[in-house]
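Each chain sits in its own coordinate frame; assemble them with the hints.
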Amino acid sequence: MMPSTADLVRVLPEIVLTAFGLIVMVAEPFLPRGEKRMLGPLALVGTLAALVAAVAQAQNPGYAFSQLVIIDGFSSFLHFVLLAITALTIIASFRYLERENINHGEYYALLLFGTVGMGMMAAANELILVFLGLEISSIATYILIGFRRTDAKSSESAMKYFLLGSFATAFLLYGIALIFGGTGTTFLPDIAAALGAPGTNPTLVLMGMGLLFVGLGFKVASAPFQVWTPDVYEGAPTPITAFLSAGPKAAAFAAFLRIFFTALEPTQETWFWVIWASALLTMFVGNLGALVQTNIKRMLAYSSIAHAGYILVAFAAGSELGIAAVLFYLVAYALMKLGAFTVVSHVSAGESHQEIDDYAGLHSRQPLLAACLTLFLLSLIGIPLTGGFLGKFYIFTAALKANLIWLVVLGVVNSALSVAYYLRVVKVMYMNEPRADLEVAPVPASVAFVLTLTALGTLYLGIVPGPVLGAAARSVLPLP
Amino acid sequence: MKAYWLSLVVFFPVLGALLILFLPAGAVERIRRVALVTSLVEFALALPLYFWFNPASAGMQFLEARVWIPSPLILYQVGLDGLSLVLVLLTAFLTPLAVLASWPITKRVKEFFLMLLVLETGMLGVFAALDLFLFYVFWEVMLIPMYFLIGVWGHERRLYAAIKFVLFTMAGSLLMLVAIIWLYTATGTFDLLALYGLRQAHPALLAPGEERWLFLAFFLAFAIKVPLFPFHTWLPDAHVEAPTAGSVILAGVLLKMGAYGLLRYCLPLFPDAAKEFAPVISALALIGILYGALVSLVQPDVKKLIAFSSVSHMGFVVLGIMAMNVISTQGAIFLMLAHGVSTGALFAFAGMLYDRRHTHLISEFGGLGTPLPVFSAFFLVACLASLGLPLLANFVGEFMVLVGVFEAERSYAVLAAFGVVLAAVYLLWMVQRVVYGEVTNDANRRLADLSPRELVIAAAFALIILGLGVGSPFLTSRTEATTKRILLQVESPHYELAQSPESGAPDAAEDKR
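Here the protein sequences line up with chains X and C, keeping their order.
Taking the working numbering, the leading residue of the first sequence gets 1, the next gets one more, and so forth.
Taking the working numbering, the leading residue of the second sequence gets 1001, the next gets one more, and so forth.
Hints in this document: simulated from the structure, not taken from any laboratory.
These numbers come from a predicted model, not from an experiment.
For every residue, glycine included, the Cβ atom is placed at its ideal position computed from N, Cα and C.
One thing to keep in mind: the hints can contain errors.
[As the list claims (entries may be wrong)] Covered stretches of chain C (in silico footprint by chain X; criterion: 3 or more residues with CB under 8 Å from a CB of chain X, positions within the stretch not fixed):
id: 1; region: 1065-1074
id: 2; region: 1171-1178
id: 3; region: 1456-1469
Same shape as in the complex, but just chain C (with noise of 0.2 Å):
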């Protein structure tokens, strides 16, 4: 059983899609309950990788190798890692939260639930996946219950975001497609640790040109997805369209495959590379943090404020990633999973504005605090664990950032800590006109405080961003030793993995041959 244990986390969201789907679409109420019983078995399910999981390994775990496609030679290749390992925990989290907050959908309850677990299930492929190609179908899969999820349960602007969303996404992925069969080419292999191997075991595999076209054709995608500046156009029009549900998985997991790609592809695969563009790429990540943080500051619309704050924190993951070495790679990976959850958060609390209100716009709200104060409470944690307020999640993860810039690159630690200091003027200024003062707008007098639904879910989040804040070696112990083989992957293009004594990957690999 355990063997297939991952299988069964991946593809466990599509049993109960398929349940749903046999359901009538007039039992609203039994839809729901059968994707929220189908999210919560699943994070039950996913719960025990994370103690099983071996973190002195640094190799796969839990890997399953089996052919798909007998030629060209593609596999059916799943397994996980520290990385890979928080995010699929991340997803498995979230899902369930956002199947929550979707109760007040009463518009084609069916397909929406149905749409909500594939992509969980197209979003927890993407992260098991270990085959370029099987990366790619996933990756791909995805995007179509995104599509649906906005462009039918959006608000007013929703065509349009929706489908600037497809375009940006595939215009990425499509000259990935290019690289990942050049690469096939070049290599005779989709199988990500074969080709890992390869690698090592070859610095001239690929000739300087063709790693740095590759290396590019890769990393386009994953910045779009992050999106890093300047390819992050489509973010803000998504995130606000997007239901809130939509809005929870768009910046809780959906950002995150960027830089998962980023550590999982282009740094080990395209090492030299890597390093030779890490400068531009930290360029712009910076432009990226400080551009959002201001953007931020001067939206009148909560969720915009919140998308475009997500620009400025991608930008420290990006950052975090590009300085490579282990305390900032560590604190990227920290403060996705943060990231994750403290703006998945807002996201959802901005939800129930909008669900009281039908509006995000600031101006609306004012004095929240009066008739709303448990909402109130809830939100203003949010609020500061995405500021970066210590003992709460996103601070662990932005401070081992800036310590490690710092130690690469002083100047860009400097910067960068504007980001922090500006996202605490646009957060706590947005709180004060939301939460405090006195009740300006007549309509928000009689709002009723959280349901008990609403209390659930913003209770998880303050728990798990609290915990993550205070018990943050419970995290970074599962990707530290990841981390290190992932920088000795980029340092050492001669550093044998099979040799390393901290490896798990050897037996493992050996297994599907």
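Just chain X, with the same shape it has in the complex (with noise of 0.2 Å):
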């Protein structure tokens, strides 16, 4: 059968995304040493051009591919949130990799094949094609975490993640076999159809969403399935850690929300106490994790675990305003890490000066750099004004709706804990003598670009919240 245009109008983002990483792969090995730097530009192109796309995309709603994929407000959505980060990750990448010497195309290429597979996550409206666009967006992440190959500790990393990635991949694929088995389907919708008729297997649906909620968890590393985060965060390299505690992350929780609220719907009261639990203890992990940190990609890493909690909590609370909240929450969250990895990806060049000591008196010698991440901090932590505040602001409204007294309770005591570690870097920032030894280069053109916009980004919701809050409310999954 051949694909309408339809069908491939639904796809473009993914098509124009796929073309121009085989471009910039062909083009790799043609290139002279010293050229290879255009390929960074050219991965920009193509990702704006699938940002085009995904306008083209968002115009035509529908099923397509034979219902695998579905294209509604929610997945519009994502797409536009995932296709952003790319764009910001490949700027902030531009200097980093010639710095690090480890300038290749294929860099580029795996994030333009890693972004299809979120893509395709986003929109998946059944369960093989979930799987595939996560095992898509796997390998690529799993080669980019190991880029700087002569570095033991991004080797490590890579070798980290993707063993337990493995795993998890593995216990999801147990779980939508199990599924199957259980409802004789994989595409979502049937699957909430089936759980009501007869003839539907009950255990094996729970124990299918068990797995499931196993391997997701993994992917948006929530807790108990976090311990790989602050290695693999630690290890990488930094645009890479800001990719992905934005881009993947974001995908997963798109699965994860369409699956729970379209396909296993009529089981929310059985994996509302999971939900409700993981959320807890996502957000204590995180925050008493972050407390004892002295690496600050390692205090980052656990800073985004008790983010991925703050959203769960949004998740247990069940309803469109929670979804609403979890997307709104993605991107504030989305620029503000996005900015804080920027800064640190500069500051600590080479992957060396890591520590948050380094960063004493960062204020004199670099005053803009240390109000970027100043903002993005008090972004994390919820000081209005800032996108992060009025996240969690949307996600407790939502929370206390549903009336989750004790989840939003102990989340602000989460919150207050975290003033604690994040306002430590503000105050070696401000407070602390400079040291000598260490110096900052200036910053080049596109680290401030990238800076400018998610530190305006990130104002920018804080204040004008509306518009994306409004357009979140419009592409919430439809709930019964």
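Written out as structure tokens, the structure is:
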């Protein structure tokens, strides 16, 4: 069967990304050493073209490829978010790759391929496609994490993520098999329909659901499947750490939400408590872990575990308001995390100087850089007038509407805990004496561009949240 | 223009801060001047509010309401009643003096004044906001400049004091955020005026248990800020370590926010719970009065002594609020103002001593009356005001509080009176050791007396202290109608704001619908 034009339009961003990824791959060997830096802008053009394609995609909602793919507000919203994350990551990588002497075209190609997988996860209407998307994005990130191959830490991270990731994917696949065995289908709406019908094996579905939870929980770094996060985040090239903490996490949450609120919606009473407990555990593990870190990348890794916990709070709310809150939060979170890691990637040149104490007196050397990092950290705390605050505010509002009072109270206790470790970085930057031996290079234009965009975005979401929140509210999954 | 005047007053300091942002960091003198001019113009802008204010009306005046975030509906709504009017004026009055008192600061001058001006907007916003969300935004945003003021420009243990200040405040205010959202889910609005109306129209708006928890969540945030015993432990650290301007602003304005919150939110929104918890809170206030006074007695450090005396004085304020009658509440509001200026003055003088000797230890001084006669005279005035000498500011407030509390609960008034006695003891003893007697320390012999800049600060404080003491009706007349309204909201849940003959709220409230 030939795919129709409508089918193709509905996966146009993926097609564009794949095409550009291939062009980058093919062009790589033909370019002389000095010209390889052209590949970055080329990949960026590809991502921007994919953004344009995403507009066309969003204007043609509906199913594609025998209902394997669904384009609705939810998947379009995430496509925009994911593509923006990839674009910012590419720009932030320009100088990084040159500086670290790993300027190879595959880097950009893998980023584009990874984004294809993430886009598929956001638009999948069927479990096998979720699995495929997850694998495509995971394999790309396995390689990207180990991209500094002469560096032992980078290789160790890649190995760790690969081994544990394969395990998690196996869990996911096994879960899909069990659900298929229990219901006879892998299409999400059909699973929901089969759950109420006779002939369904509830035990198999329940077990399958548990395994799906493990597999997806690993990808979003929720407790108790978060153990890999600090090591992997620490060893990965910093722009990739930024990408990991924003992109794959958002895509995994998209699949997570769609599976649980579409296919497994009839069993919400069963999984509610699992999500509830995981949310609580994730927040505490993340925040308590971050409190004792001295390495800034590990601290930010624990902080991104904690933030997965906050997102799970909105997940537990189980309402359209909660899903809208997740979508808004993913945007705000991506901006502040990309921004924070970009600062780190610039200051910790050569992946050295990752200790928080290395940031001593950063303010007096690079006032704007320090101000940006402060803004992102305040947003991560959830101080008003930043996107992070409104994100948390919407999450807690959704959760309180769903009567999750204890979860919210413990959530704000966690927020209070987090103040201590975020402000420690601010303290070191502004109140400690600068270290004489640490030189911070001037900020290159590409990094400045990313920081300007993420900082303005963070403030914009904090001061004028209306448009993005409205878009998020229009993009929620329809709940029965 | 008048329709936007209040917003102009709230945000004007930010304009000054922006201007400073674009000045080169080396232009120290220009930065100082811009900060001073900004804060003076700000005071000039705030002053007309006093005259335009209609004292007969108990409603919100200078009301502005605009939609900020459409869904969930959050308003940019500001307005003033008598209570917030006087606090806005206090803030606008203290900031120029704080700027002047910061002249000796030479470290990172640009950021210092930037933070100070941003802080001023934060404080004004807290008092002017009439939407719970907006209020919370100002309340939290203000923390950051204060954190930097203490942490960067403070004394030896500044880092510890700064983080302690933030953690204590955050712990309280985050629970308040939960309560704010809960209130929203229960009522569907963040609009404070709408909430006032709802509470009056439906006494059973919240289940009793619900009301109790919400009251406690709000109360905790405010009790930490006041600070009420036993939540006061951040205060001595923050006060002692903060630079002079920070201490002046902390004591003068920030502590008032706690008391303001009780009157603006806790009492009118949760009257039943407020009445239920009043005895416990009054007891804590009483403990604070006596404990603060006793601890002040043994402080070796001028700043620490003033800090603990604040715990004691703010205990009076809370006691007056919790007695819930007109005279005690009026007294509490008056005392907020009086404490703001008299303690602000004491911290400013302590800062002048520090500028000369780089210490706050009482034992380092003695006999300062000889080398510093002018300073000593003004310092004495501030101390006398603080201990409640008649004709000076604090006396009026403390007297009214005691009268009101006496009406409500005699034993409390009797016990609280000991606080006044002890205040005389620790303050006069401190004055005696610092100012009188022979010059015992050679380092003090050649100290220079007040410079013209310091004389301006001292004279402004002395004038306002005397002015408040003698001309108290100028203030109480502005707060009377508001006080009565708040008490009616607490006493009779069925009281209709709209039907009150003296209320100015309805027409203003209709404008925005």
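Each hint, compared with the structure:
1. 1065-1074: holds (count 4)
2. 1171-1178: Our answer is that it holds, as 5 residues pass the Cβ test (under 8 Å) against chain X, meeting three.
3. 1456-1469: Violated - the region 1456-1469 of chain C has 0 residues with a Cβ nearer than 8 Å to chain X, which falls short of three.
Hint 3 from the earlier list is the only one contradicted by this structure; the remaining hints agree with it.
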